Amino acid sequence: MLINCVAYQDGQKLDDIPVEEISEYVARPDTFVWVALRDAQPEELAVMQEEFGLHELAVEDASRGHQRPKIEEYGDSLFVVVKTIECRDHEVAIGEVDIFVGRDYILSARDGNSKQGFQDVRTRAEKEPHMLRLGPAFVLYALMDAVVDRYFPVLDMLETELEKIEELIFTQGRQRDNIQRLYELKGKVTLVRHVVAPLMEAVGRLHGGRVPSMCMETQEYFRDVHDHLHRIAASLDGIRDTIATAIQVNLSMVAIDESEVNKRLAAWAAIFAIVTAFAGLWGMNFKYMPELDWKYGYPMAVAIMVGVCLYLHRRFKKAGWL
Amino acid sequence: MLINCVAYQDGQKLDDIPVEEISEYVARPDTFVWVALRDAQPEELAVMQEEFGLHELAVEDASRGHQRPKIEEYGDSLFVVVKTIECRDHEVAIGEVDIFVGRDYILSARDGNSKQGFQDVRTRAEKEPHMLRLGPAFVLYALMDAVVDRYFPVLDMLETELEKIEELIFTQGRQRDNIQRLYELKGKVTLVRHVVAPLMEAVGRLHGGRVPSMCMETQEYFRDVHDHLHRIAASLDGIRDTIATAIQVNLSMVAIDESEVNKRLAAWAAIFAIVTAFAGLWGMNFKYMPELDWKYGYPMAVAIMVGVCLYLHRRFKKAGWL
Amino acid sequence: MLINCVAYQDGQKLDDIPVEEISEYVARPDTFVWVALRDAQPEELAVMQEEFGLHELAVEDASRGHQRPKIEEYGDSLFVVVKTIECRDHEVAIGEVDIFVGRDYILSARDGNSKQGFQDVRTRAEKEPHMLRLGPAFVLYALMDAVVDRYFPVLDMLETELEKIEELIFTQGRQRDNIQRLYELKGKVTLVRHVVAPLMEAVGRLHGGRVPSMCMETQEYFRDVHDHLHRIAASLDGIRDTIATAIQVNLSMVAIDESEVNKRLAAWAAIFAIVTAFAGLWGMNFKYMPELDWKYGYPMAVAIMVGVCLYLHRRFKKAGWL
Amino acid sequence: MLINCVAYQDGQKLDDIPVEEISEYVARPDTFVWVALRDAQPEELAVMQEEFGLHELAVEDASRGHQRPKIEEYGDSLFVVVKTIECRDHEVAIGEVDIFVGRDYILSARDGNSKQGFQDVRTRAEKEPHMLRLGPAFVLYALMDAVVDRYFPVLDMLETELEKIEELIFTQGRQRDNIQRLYELKGKVTLVRHVVAPLMEAVGRLHGGRVPSMCMETQEYFRDVHDHLHRIAASLDGIRDTIATAIQVNLSMVAIDESEVNKRLAAWAAIFAIVTAFAGLWGMNFKYMPELDWKYGYPMAVAIMVGVCLYLHRRFKKAGWL
Amino acid sequence: MLINCVAYQDGQKLDDIPVEEISEYVARPDTFVWVALRDAQPEELAVMQEEFGLHELAVEDASRGHQRPKIEEYGDSLFVVVKTIECRDHEVAIGEVDIFVGRDYILSARDGNSKQGFQDVRTRAEKEPHMLRLGPAFVLYALMDAVVDRYFPVLDMLETELEKIEELIFTQGRQRDNIQRLYELKGKVTLVRHVVAPLMEAVGRLHGGRVPSMCMETQEYFRDVHDHLHRIAASLDGIRDTIATAIQVNLSMVAIDESEVNKRLAAWAAIFAIVTAFAGLWGMNFKYMPELDWKYGYPMAVAIMVGVCLYLHRRFKKAGWL
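Residue numbers (the UniProt record's numbering), protein chains in the order written: chain A, 1 to 322; chain B, 1 to 322; chain C, 1 to 322; chain D, 1 to 322; chain E, 1 to 322.
Please keep in mind that the hints were generated in silico from the structure rather than gathered at the bench.
Model, not experiment: these values are computed from the prediction.
Among the hints, erroneous ones may be present.
Heads up, the list lumps identical chains together, so a pair's fine if it works in one copy or across two of them.
Calculated cross-link-like contacts (lysine to aspartate or glutamate; reagent style EDC-like; alpha-carbon spacing at most 16 Å) [stated by the list, open to error]:
1) K70 <-> E220
2) K115 <-> D30
3) K295 <-> E184
4) K317 <-> E21
5) K127 <-> E20
6) K13 <-> E96
7) K70 <-> E96
8) K287 <-> E163
9) K115 <-> E72
10) K127 <-> D15
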């Protein structure tokens, strides 16, 4: 579905243009065309391929979807795949944006999983004609910057989730719940990492070393995007590492709790076992058991039992078992 | 066993040719020969070695089999080993395809573990004469692309298997089964990874940096294959990582389940121990135990026992032990 | 908030100068201006941006804060982000210092989390005119050196904390506490590592290979800072590694302690179970149980019980269970 | 101990020559000398050092032994250390072969731990004069190829051992044995890896990039050796990884087995505790316990006990505890 | 404290010279001065700095101490920090040697933790004038070689210690001790590794690639040192890896031992519980319990109890629980 198709000259918007005139505008000097698609159908992509002269393999990737984030050079045009991440009810939804960039055009196509569009990017760009004059490379930067900026709230969500689990990690009786949440969190972090890591690697090649000629003037901007991705990746690694430790610690806590429960039970069991043993003793049927005939034999027996119990109770208390 | 032996000129099929005329066709300009073998016998390979002038070490590797996936340059010809992966009844079967490529020929030899042949690759290639005109390098790409595309269903199988285990990972009483399945899955993933990782490394050298001259024109296609392998490798790493965590989590679940069972048992044991202790008390044979002579001594005793039991039961219930 | 704004010529302090005259002084030969801000407001940064001609992206980063430590080149000026670490009541507080350096100026802006200022750096630098003559690059070194030197006490605190835990790691009954402290310590180490690692990487590019021209003469000094960071990073890795092992060891100790407690309890339980079994035996109501009628039957029974108990006690003691 | 000392010209064996004539033959054109030593004594090495002009440090290393596998260049000669691995009664025995190679000579010295000699290598080489004409570099290849080929049976032994353990890993009651065998296997794998890894790294420098001039013509052969080592290293890594997982899985199995045994025991304990509690109840000495006087009181009591036991037994069976 | 201060010309010792004449001798052609200090005081270092023209930062590092092992170039002189390791009563003591090397001088300063001096190095060097003629670079090699050679006994001690623990790892009842010793051993290995790893990295830059001009002629010697360090580092990694596995295995052994003890106890508990249950049964006070009146009721009862016990005992024995 076509969303926008606009021609820009010298950083100024010329006009919305019909798709079939694209190749005409692209040919003009200092002019570029910026097209936005959504849920692009194969036929739409075929039209674009013809108008812009896109490379067959790039179009194939774009129509198939499910690509890894990447930046590929085809001659002096670029094919960029970035992934959007959106939070919905504590779940992480991954979308895909395919971007074709050439000297005189930029074409972005996002799939249905990216609910949030890029209208705001276009609006802001049109307000900065001195930047827009840098051409499609600047638009590419603006789009990538927008995508990456939207990763930060996801990162915050993951960190908040981790902190919530950490608060309960030393609480007795929460281990089953904790481990389940840690496992799910780990899954989400892995998902996000598979989005961030390859993109970071790819963007790293847009500044510093051998940079595609188109991006020469904007490389400081791509370094900025790279730096943001670096920050996100470092945080993700931190979360992953903490989750791994937390899982281990959780297991320790299970073991510690169990050993404490065991001690408490064992202490009580010992106390009752003693009472039972004494009771068994005086329950024997020997004929000559003088204490059985004593007037105060029974209270004495009970007193002995209670006494032993109290003594053991105190000792166990002291040893920290009760 | 010879399957096909066809000569192509300018991207068009000339004819099926007999093996002994190969060297003749190879010598013609703009012509190349594409031979497919299956379960190649040493004698067949010897014939091919002579017709194509293959390097001794490459032929030795091919006749021995059990090679790592690799791409080796011998002068300006290539020797390529790729592995096929097929699923049979949830098991993973690894086959091998050895490919010899030169300026004017391509020879593929698959072993008996690769049930699925490459007839479809040939058929499709013959329908695209503009591509086939690129020569043996394009055929090499087409074969590798076919092999790698067949990895994706295997990956899906592994991921489905993992998801099935994950659904049961927090279910009580399934831990023995889970751990066994995780261990087996890990084995399969390791198997697949040993196929994918070295191939990815090897294909990486067919685009970008110093590329064998034969593949110069097709390097964008090899980058595409490389990218697919990259995607598969990333998924495999994800699965491996998840399996490792799942094994740890499974151990935690065993410990948690056990500690819960322990608590429940201990609670019941405590209740019965108290009853037994009281019964022992009143089972003693002291002469002067006034309550034994009370008319309602017995019901009272039973009432006390039941009362204590109910009290403990409620307390344990509250503490979450029962 | 402006703290200082001073012009230096040939390594000598000229004078405190008003902000609006900065650009004038910057234009003089052999003169540079050194400005220190604290909790810089956007308006202050805007003034500085104009006076010094700072790059838009750098200023944006500085006003947003929460950057990773980094060193970025913009043309022939540098934008440096370093993090300060301060200990407060065994907690680790992270602050940020943003430094803009050009041929003729250096501007540092620290945020509110860095309690300790850099007045001492300025004082010492002014006492070494032969060093100060090297210009802003030397001041940059002096600032970074001061920041990094303040990491060492933090490292000491972490190491002391670890040693305290290690002393108790083989002490019975401390495992819950130990694991909690290890987990918290790990968190602090991770925090510090995220400060040190990227800075080390960045400083590494200020000596040795391709060095920004401004830092050519001072690269031996930056190598010194790099070396300090290297030492800190190695110590942090050592602590991390030790914590990981300590967590594992702690789990083992829980298991060992539990198994020892279990043995002790089981031994006592066995002893009492035997007494109870014997008592039960002689408590049976068979008519013909000759020993019940013996005169010394009761003492004999008690003697047997005590004897068996003593025997078992000795055996368990020997086996190391009691 | 001298084993062989032979001169070759143009790929043909000239003759066995006495040691003192070595330097004479070495000086002839197209001639090289191939010497094999075993358990070389310092004096023998001193003679060789003089005849061939070996480097002092290389000779020192060779006479000391216990070197890491390595390939060192001294001017245009090479000093190569490879390790042999032999299986003896499921144990792994590591031997050492030191090889000195120059333009016109090759000298190999194996120590007493390498039972198997290299006579077969010499025999085969002498049958291939077209290869032997390539000179000492080819002999070096032939020796290294032989050494590395002998690693494969060791690898097979390790893999077989691992498979045997894997078959028993989910068998109850084998965990102690399994863990001991896994630990020992790990030790052997580590031993073999320390032999393979540095050699692979070293051989990697004999093909592809900057290759010692002597090995220029034979680099395809060294690539073949490198590839074999790569395959072995990958298998070793696979084994290591599987052992690590197997150790973890084994611990899980211990925990699972224990928790199942615990449940079974607890179930039986509960059944007997109930019988004892009831027996205690009716063993009390209250005067007015009507059921004691009933004619069928006793059978009724036994019936109740048996009934409760059967009921519990069925419930536990259902819950999978028995 | 000054230990030696000697001038050498053409590999021959000239004379012990007073400190104040150093700069004079340094100026002579083919002459170099070799100074050895111990526990160097700041004033001594200041004198040396003046005589040799040492770099300020290097002197600062040397007087502060506690440096990481490193090799730094200052112009065409080197500043080298190496660590000595000595075993004292199974403890590892780390000392530091700082070495300043220039075209015409070498100055070594060891601290108080390096008990063993380098007199033997000097003695041996003076006996090899042809080596000593290579100048300070050779002396540097000789010193580093001596330091690194002294690492081997430490490595042996660590390996012996590990082997001793390994012998006991499958012994019951040694787990607490084992884990404590493994933890301590790990600490020592970490200590040694922090000494070896950075030195290896640093020495790696003295041969092969871009080598400081001073070391060009001696790079084969430094490669030898590098190789020794490589061997040590590989062994340390092996020990570390084995310790990690041993800790895991130890935990498994604790679990296995515990589960075996549990089974044994449970078996005995079951046997006694049955006796108690039977005794309870015949201890009930029902009026009509015919067996109580049988003449041989009591022996029969005891026989039943003993019989059941024996039966259970055999069954448990068979199942491997007793």
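Hint by hint, here is what the structure shows:
no., hint, result
1, K70 <-> E220, "between (19 Å within a copy, 14 Å between copies)"
2, K115 <-> D30, "neither (33 Å within a copy, 52 Å between copies)"
3, K295 <-> E184, "neither (69 Å within a copy, 64 Å between copies)"
4, K317 <-> E21, "neither (88 Å within a copy, 76 Å between copies)"
5, K127 <-> E20, "neither (27 Å within a copy, 30 Å between copies)"
6, K13 <-> E96, "neither (27 Å within a copy, 41 Å between copies)"
7, K70 <-> E96, "within (11 Å within a copy, 30 Å between copies)"
8, K287 <-> E163, "neither (70 Å within a copy, 65 Å between copies)"
9, K115 <-> E72, "neither (25 Å within a copy, 35 Å between copies)"
10, K127 <-> D15, "within (15 Å within a copy, 43 Å between copies)"
The structure shown violates the earlier hints numbered 2, 3, 4, 5, 6, 8, 9.
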